[in-house]
Structures are given as structure tokens and as C-alpha cells.
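J.: Sequence:
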Amino acid sequence: MATFNDLNLHPALLQSLQDLNYTIPTPIQESAIPLLLHGQDVAGQAETGSGKTGAFGLPLLQSINPDLQQVQAIVVVPTRELAVQVRQELKQFGKMIKNLKVSAFYGGHSFSQERASLSHPPQLLVGTPGRLTDHLNRRTLDLSHVTQVVLDEADKLLEMGFEEELDQILSNLPHKRQTILFSATMPDDVKELIANSLKNPQFVKASANAIPDQVKLVGIKVDHEKRKETVGQLLQSINPVGTVVFTNTRIAADELAAQLQEQGFAARALHGGMEQKDRDKAMTLFRNGTTQVLVATDIAARGLDIDKLQNIIHYELPIDAAAYLHRSGRTGRAGKSGTVYTLATPRDEKQLRDWEQVRMDEWLSADKLTAKAAENKTPAVAAFATLYISGGRKDKISPRDIVGALIAEAGLKAEQIGKIEVQDRMSFVAVPEAQSKSIAAKLSEGRIKGRKYKIQLVKD
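Note that the numbering used here has the sequence shown beginning at 1, numbered continuously upward.
I should point out that these hints are in silico values taken from the structure, not numbers from a laboratory. All clues stand as given, with none of them false.
Label-pair ranges, simulated between beta-carbon atoms:
(1) Q70 <-> V403: 35 to 41 Å
(2) D424 <-> Q69: 16 to 22 Å
(3) H175 <-> G264: 57 to 63 Å
(4) R353 <-> Q456: 49 to 55 Å
(5) Q259 <-> Q15: 47 to 53 Å
(6) E362 <-> E164: 42 to 48 Å
(7) M360 <-> S398: 44 to 50 Å
By construction, the Cβ of each residue, glycine as well, lies at the ideal position given by its N, Cα and C atoms.
Start from the sequences and build out the full structure, keeping to the hints where you can.
T.: Set out below in C-alpha cells:
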């Protein structure tokens, strides 16, 4: 079995991988990285969670010139959430590379801030098609130095209707370049995109099954009109922390999240009808454990990569088996266990049988679930609340600074402090919910790295 040391990666990248406790490449990384380092065009079939960001990201980082302050590689992704996630992963991989700048451009983000940042361009740019073409149309983005382009989740890019934007982006790139494409599925339109955009591509493929073996799949037989009631009973019968419930519509997500809140669960909706700041807030609170349950449409299925995601619940079946696998594959990452629950009406049961690649390990009746819920009548209360801090990376604040301030100013112990997220101009930290008001008050009176910042509890 190969290790990252066998893949001829630069010492700076190997050091970052070691710090992240990544020692053995995933199958898609082992297949793709040598080809990409040799400059070949690659078309890869791989699910989110297979390690594909590392598969294309490590060769990109190895190939750029950090002393040249120009956009040298772009990664095109279908959603804002994925743009933010890919940028963060690339920054982690490249943290030992001096003068490296990685940016993400996407709708809902300040265009003027993006334009200003291009006065000192990133070497690596991650972006959504609409925002990238917006920059091209306004002549604010220079792609003349780009030598590598990645089309990530190509099936989703085409499914969302970005074909014209992709054509425009590719036509603005130098003819001599390396083109990389990753897609979870390979329908005809993706194959056509490969034929038109890649030169003598090498094909690599990860396992077709998006659901890891260590994930348990449980079917719950339910009448259509009792689905909402059944979700509440299911969450009451398990530890609800780290659960994503998938719905097919925004209305269903909002209604179900509201009902779960009434039942005492820390639940939030996530869908494309929300403002970007509200979507970011929902994701932040879910990642750090303040929100137990995220009720989401399929916008979250692509690129949702959360360490502590324990349970997936299919409130409604998606349109096809591929979408079901995408949703279900969000749990059981990196060898961890997880459970996927599927609420199934008699009609849904027939559909699941028709999807041959979908297995079901166990079936439960609604009556059995009701009995389980009765044994555990009190939903688990979220252990954390989240503090907002009005300073971030641009203010030279690091997670270590926040930990130090919470220990010095609020008297916390390091093990009491939850997940910390430091963004450009703001930060978020999870703290014990029972002490959260006192902690916020003490931190407001104190200082972080010698400066006072606005501190407040994040509320609905």
C-alpha cells in the first residue's frame, strides 16, 4: 500500500499532510496524483468524501510558483458551500508554502471585496461559474497565467445549467493548459464535456459505492401523513447530535425544522432560498455542535464534509439512486461509523428495491420506533452555545489566541472549549451552553491578543 511519501510530493506538502494525520492516500489520490504531476489531463469519477480535493489539490499546489502573484490555477465548483470548503482544504494542504494565497469567489460574497483582492491576486482561485464569468465580463479577472483548471463535480455543474458559463471560462484560458475533471457520475453530457475540453485524458475511478461499508442503513416503514411525527420519534430514540435530515423542497425543510424546534431539538434549516449569511451561520453552528439537527435540501449533499456527522435521515426519497448515494455518503467518513435512516412509504419501499445499488441492513416499523422514543423522553440538549467575535484572520487572530483569551479572561479549561472557526473579519467559538452568558460578558471586558473586540452570543 502506497504512502504519500511514495507520490513524489514536495516536503512542504508532506509536512502539512503529516500535521493533518494523513499518511495513506485514498484510491483516487493514489491513481490521480502521479498522472497529474506528469502534466496529463485527467477525468476522474469519484464521490465527495473519496479524497478528490486532495487528488487534484496537492498536484495544483506542487505546480504553482508562489513567487508569481498571478492566478495560476482555478477550480470551478457548482455551489458556494463547496467553494468555501475546497478553499479551506487547499489552504490546509498548502499552509507550509510561503507567499501562498488561495481565494474563493462566489455569489453572495462581496464583489467589491473580491475585485479589491485581485490587486494582489491569489495563485489558486476557487469559484462558482456565475461569479467567475461576472469577473470576466467586467474585466476584473486575468486568467492569462493559468496553467491548470479543475472542473469539480462536473455532473452537478451541467445539471445546474452552467454549460454556457463553463464554455466562457474555458475560452478565456490559455490554450496550453492542464485540464482536470471530476464527476460523481458519467452521463452523456459529462462525457461530451470531457471530449471537448480535455486532451488525451487519462481516466481514473474510485469505488462506485458512495456509502462506506461501516455505515448502517435502516429503513423505517411509515405512512405518508405520519412522516413528521416519525422523524421526531426517531430523533428522540437516538442521540440527535450530528444529524442531517434531507428533504426535497425548501418549504418542507423550513416546516420540519420549525416543528423539531417546538419539540425541543436544536434544529435549523439549510436550503438555497436562504441568504448566504444565514446559510453560513447554519453551517457554523452545526459544525461546532450548537445545532444538533440540520434539515437540508440537496444543496447540502454536495460538499457537506463535517467530522462529527453521525446520522443521515431521508425524510423524502430523492429523484434517483445516485442522489440517494450522494446524501448517504456524507456520514461514515475517514473510517468512522454512521447510520442512514430512510423513511419509506409502501411506494418508497418499491423504489428502494428497484435501486439495486442501495442495500438495506435493517427494517423497523413505526410502532417499534414509538416504543424506543417512549424510553427516551427527553431530547439531548445541545452542549454548546456559539460566541461571535468581531475579529478574524485579517486582524491576525488565530485559534490559539482565542483559546488563550478564554482561559485567561473567562477561566475556562482548554478541554471545555469547542470548535473554533476563524474567518477573515470574524470568528466563532463553541463554549459550554450553561456558562455562555457569563463567558461572553467576561470576554467582552477582556482582550484578545491585546485588543478589545465585540463579543456576543449567536442567536436565531
